[in-house]
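**Student:** Taken in order, these protein sequences are the chains called P, B and R. Counting in this note's numbering, the first sequence runs from 288 upward without gaps. Counting in this note's numbering, the second sequence runs from 288 upward without gaps. Counting in this note's numbering, the third sequence runs from 288 upward without gaps.
For the record, the hints were derived by calculation from the structure and aren't laboratory data. A hint or two may mislead.
To be verified - The calculated DSSO-like cross-link candidates involving lysine-lysine, where the alpha carbons are at most 27 angstroms apart (straight line), are:
1. P:308 <-> R:490
2. R:381 <-> R:426
3. B:490 <-> R:308
4. R:527 <-> B:490
5. P:381 <-> R:490
6. P:490 <-> B:490
7. R:490 <-> P:527
8. B:308 <-> P:490
9. B:527 <-> R:308
10. B:527 <-> P:490
11. P:527 <-> B:308
12. B:490 <-> R:426
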Amino acid sequence: MIAKEDIRKEIRRAAAMVREKNPMAPSVTNTVTVNFVANAQLAVGGSAAMVYLPDEGEDMAGMGDAFYINMGTQFPVYAETLPRTAKALHERKKPWVLDPVGIGIGALRENLLCQFRSFPPSILRGNASEILAVAKLWKLVKETGGCGVRGVDSTDAVESAREAAIEIARCTGGAVAISGPTDLVTDGRLVVSSAGGSPFLSKITGAGCSLGGVMAVYATQTDPFCAALTGVLAYNLAGKRAEAEARGPGSFQMHFLDELYLATPEDIAGHPFEVESAQQEVENF
Amino acid sequence: MIAKEDIRKEIRRAAAMVREKNPMAPSVTNTVTVNFVANAQLAVGGSAAMVYLPDEGEDMAGMGDAFYINMGTQFPVYAETLPRTAKALHERKKPWVLDPVGIGIGALRENLLCQFRSFPPSILRGNASEILAVAKLWKLVKETGGCGVRGVDSTDAVESAREAAIEIARCTGGAVAISGPTDLVTDGRLVVSSAGGSPFLSKITGAGCSLGGVMAVYATQTDPFCAALTGVLAYNLAGKRAEAEARGPGSFQMHFLDELYLATPEDIAGHPFEVESAQQEVENF
Amino acid sequence: MIAKEDIRKEIRRAAAMVREKNPMAPSVTNTVTVNFVANAQLAVGGSAAMVYLPDEGEDMAGMGDAFYINMGTQFPVYAETLPRTAKALHERKKPWVLDPVGIGIGALRENLLCQFRSFPPSILRGNASEILAVAKLWKLVKETGGCGVRGVDSTDAVESAREAAIEIARCTGGAVAISGPTDLVTDGRLVVSSAGGSPFLSKITGAGCSLGGVMAVYATQTDPFCAALTGVLAYNLAGKRAEAEARGPGSFQMHFLDELYLATPEDIAGHPFEVESAQQEVENF
Numbered sequence: 288m289i290a291k292e293d294i295r296k297e298i299r300r301a302a303a304m305v306r307e308k309n310p311m312a313p314s315v316t317n318t319v320t321v322n323f324v325a326n327a328q329l330a331v332g333g334s335a336a337m338v339y340l341p342d343e344g345e346d347m348a349g350m351g352d353a354f355y356i357n358m359g360t361q362f363p364v365y366a367e368t369l370p371r372t373a374k375a376l377h378e379r380k381k382p383w384v385l386d387p388v389g390i391g392i393g394a395l396r397e398n399l400l401c402q403f404r405s406f407p408p409s410i411l412r413g414n415a416s417e418i419l420a421v422a423k424l425w426k427l428v429k430e431t432g433g434c435g436v437r438g439v440d441s442t443d444a445v446e447s448a449r450e451a452a453i454e455i456a457r458c459t460g461g462a463v464a465i466s467g468p469t470d471l472v473t474d475g476r477l478v479v480s481s482a483g484g485s486p487f488l489s490k491i492t493g494a495g496c497s498l499g500g501v502m503a504v505y506a507t508q509t510d511p512f513c514a515a516l517t518g519v520l521a522y523n524l525a526g527k528r529a530e531a532e533a534r535g536p537g538s539f540q541m542h543f544l545d546e547l548y549l550a551t552p553e554d555i556a557g558h559p560f561e562v563e564s565a566q567q568e569v570e571n572f
Numbered sequence: 288m289i290a291k292e293d294i295r296k297e298i299r300r301a302a303a304m305v306r307e308k309n310p311m312a313p314s315v316t317n318t319v320t321v322n323f324v325a326n327a328q329l330a331v332g333g334s335a336a337m338v339y340l341p342d343e344g345e346d347m348a349g350m351g352d353a354f355y356i357n358m359g360t361q362f363p364v365y366a367e368t369l370p371r372t373a374k375a376l377h378e379r380k381k382p383w384v385l386d387p388v389g390i391g392i393g394a395l396r397e398n399l400l401c402q403f404r405s406f407p408p409s410i411l412r413g414n415a416s417e418i419l420a421v422a423k424l425w426k427l428v429k430e431t432g433g434c435g436v437r438g439v440d441s442t443d444a445v446e447s448a449r450e451a452a453i454e455i456a457r458c459t460g461g462a463v464a465i466s467g468p469t470d471l472v473t474d475g476r477l478v479v480s481s482a483g484g485s486p487f488l489s490k491i492t493g494a495g496c497s498l499g500g501v502m503a504v505y506a507t508q509t510d511p512f513c514a515a516l517t518g519v520l521a522y523n524l525a526g527k528r529a530e531a532e533a534r535g536p537g538s539f540q541m542h543f544l545d546e547l548y549l550a551t552p553e554d555i556a557g558h559p560f561e562v563e564s565a566q567q568e569v570e571n572f
Numbered sequence: 288m289i290a291k292e293d294i295r296k297e298i299r300r301a302a303a304m305v306r307e308k309n310p311m312a313p314s315v316t317n318t319v320t321v322n323f324v325a326n327a328q329l330a331v332g333g334s335a336a337m338v339y340l341p342d343e344g345e346d347m348a349g350m351g352d353a354f355y356i357n358m359g360t361q362f363p364v365y366a367e368t369l370p371r372t373a374k375a376l377h378e379r380k381k382p383w384v385l386d387p388v389g390i391g392i393g394a395l396r397e398n399l400l401c402q403f404r405s406f407p408p409s410i411l412r413g414n415a416s417e418i419l420a421v422a423k424l425w426k427l428v429k430e431t432g433g434c435g436v437r438g439v440d441s442t443d444a445v446e447s448a449r450e451a452a453i454e455i456a457r458c459t460g461g462a463v464a465i466s467g468p469t470d471l472v473t474d475g476r477l478v479v480s481s482a483g484g485s486p487f488l489s490k491i492t493g494a495g496c497s498l499g500g501v502m503a504v505y506a507t508q509t510d511p512f513c514a515a516l517t518g519v520l521a522y523n524l525a526g527k528r529a530e531a532e533a534r535g536p537g538s539f540q541m542h543f544l545d546e547l548y549l550a551t552p553e554d555i556a557g558h559p560f561e562v563e564s565a566q567q568e569v570e571n572f
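Let's have the full structure, built from the sequences with the hints guiding it.
**Tutor:** This is the structure we're talking about:
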């Protein structure tokens, strides 16, 4: 198993490289939180560019070193934009992050998610309900009743999606991150957990979306597993620090962006996390 | 007439229930202020989900306990999304809030507003010019020259739309709220007025839009009249408190979200308002 | 040559008139920064209204006294909306600001920019790479290799686009503003430079976009050259003041909106700038 200290070292390196190189991670993302996604990407040292049209998605798949697709709001043109962009990313071997927001609303989302199985994301990020829903849609876990997605909220506990996350990571060859009070990140071999953050992160819109965008920024500089973990640690650290300064969700959001910006690579790599083997889960699965 | 103390009690109950139950009020809303709408809905204790596609509007009409439609920015697909969503809400008897922003711009808005007369909103919220324009469009008041909508701004005084608001409420069987220095809320029988707020509310974009979204959150727990009034009181209270802390519109918006979050059900129900009968207006109309 | 003091006087007048008249400058602008554009327009004293549909663009071209078109995010309907809006502005002789964000991404942007040559903007605002790209697209400068646009970022220095800006201004009969550490504004005869601002302006999304929107607000009250310069000075002043109060990009954005709001016409007109003749550049070009 990779030593914890090696993981820390790689996280510190990735966070430092992003600050040094200001890498661009373009997005097709929802209109609700698009501004916060871009500002979070800039705060950690990256650059942002958002597009909607099919040929623009393809072009940006080539121009960026990683990409972010968030399904939170769907426009008609996405029926063409998202598959073409995912295919272009796949062909160019560019890492990309998928945020499968709103599964179960309308017909297009499920249709697109099924197509993504052929061009899978390097990092799948969501709450427990969303991860479970993707695993069911991709037939990676047994169907055991309806999933607990409620609009954009999760009604399932993080732990309940642990096995689903491991299975997805093994299927895609990438990483899966489950957001919750304690976050889990897995590449199918290791499962890392990290607490921190703040209850205020669920009192502002876009904490999850912007985390996905930030993971894409880190994915320009390191492998999917470390990129996802670097994002999680940065968020848990900045969330905790911002909470200490906030009176409510308005001031929390302001402080959160400040703290994302102020966190050094050492701060981020030093935030607590635990590493376990995914093996046991697999045996029991 | 309902005693003022009974209204206060119901407002306190509605505000408390929202904090307890975290109810979802989905929206089809404009792209300019969508982030602020969601953050305001979260700050008062609700949950937000925004969609654009026709079948997604219908699905969310079923998933949420109330809905918010804001016409501020129009996409081509809205020609189908808005009527289908309003119809689904009507059939499922779900309360919904309509914000008729931008009447008079282009052809689609008026066309949609005319269709809404058959599936009327539980709460119509707007500035005086918008309320007057809807009343004229629905032939509820006599046409007396052009209405004073200027883009998204009002050029009419709140009082000038009082009778139009009462007529609309009687026509829809719901409530109408007119925003201005002193807000009016009517269900066609009572007219409640409440002052407070802040001039800064018109120096940030989305104060009205987010109020509409917050009314939809409260409409998941109480009748349209009390839901509209709870929103108005929460905004007048939070606006007043935030102004005392703000240096300009940037800090005002931050403090405003904090104060929305910090206001207790008792605070909200305790904000001053006046109740009158709508009878006199009707006789003189 | 116009005396510097006359320019200052006109800037002071334009800034004061905007505060007095609250003029509306509608926009077709990108979804990433649309909220910040509107809030900045409101902070300086103007009013905002954003639209997407072709007939709404035409209608707003008539209702506003100036207009803002930002190409940052493209929807399919823009293929019709943008040319029809630009044509309507041209026919009504309304001043408008063009922000050519994202040149080189997909096919639509270049197609639209080529069409705009027939209905040219009163003010073209962009970073150095964008100004160079427009000049090349309009065949105003010799093609000397690919331009340095990277998504929405500039890879060229402001000075490198000086001649291109002068040529564009002479071609359009309007003004061109290049944003960077030191901003340049030219009407083809004079070149004004102004420093100030803050490195934080590139750590938040939308500084350039919102500056374009603010220039459109000022263009309702003065000529394109002075409108562009008033915007630049207001931004350089507010950016500098906000930086002194900020801990990071979150607090910077809040303070920046406050400082835009608090800056008096005298403050804005008093911010340092240098005036030169554009003649020399032309001779050497």
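**Student:** Confirm or reject each hint.
**Tutor:** How the hints compare with the structure:
no.: 1; hint: P:308 <-> R:490; in the structure: 14 angstroms, holds
no.: 2; hint: R:381 <-> R:426; in the structure: 25 angstroms, holds
no.: 3; hint: B:490 <-> R:308; in the structure: 14 angstroms, holds
no.: 4; hint: R:527 <-> B:490; in the structure: 22 angstroms, holds
no.: 5; hint: P:381 <-> R:490; in the structure: 25 angstroms, holds
no.: 6; hint: P:490 <-> B:490; in the structure: 24 angstroms, holds
no.: 7; hint: R:490 <-> P:527; in the structure: 22 angstroms, holds
no.: 8; hint: B:308 <-> P:490; in the structure: 14 angstroms, holds
no.: 9; hint: B:527 <-> R:308; in the structure: 25 angstroms, holds
no.: 10; hint: B:527 <-> P:490; in the structure: 22 angstroms, holds
no.: 11; hint: P:527 <-> B:308; in the structure: 25 angstroms, holds
no.: 12; hint: B:490 <-> R:426; in the structure: 42 angstroms, violated
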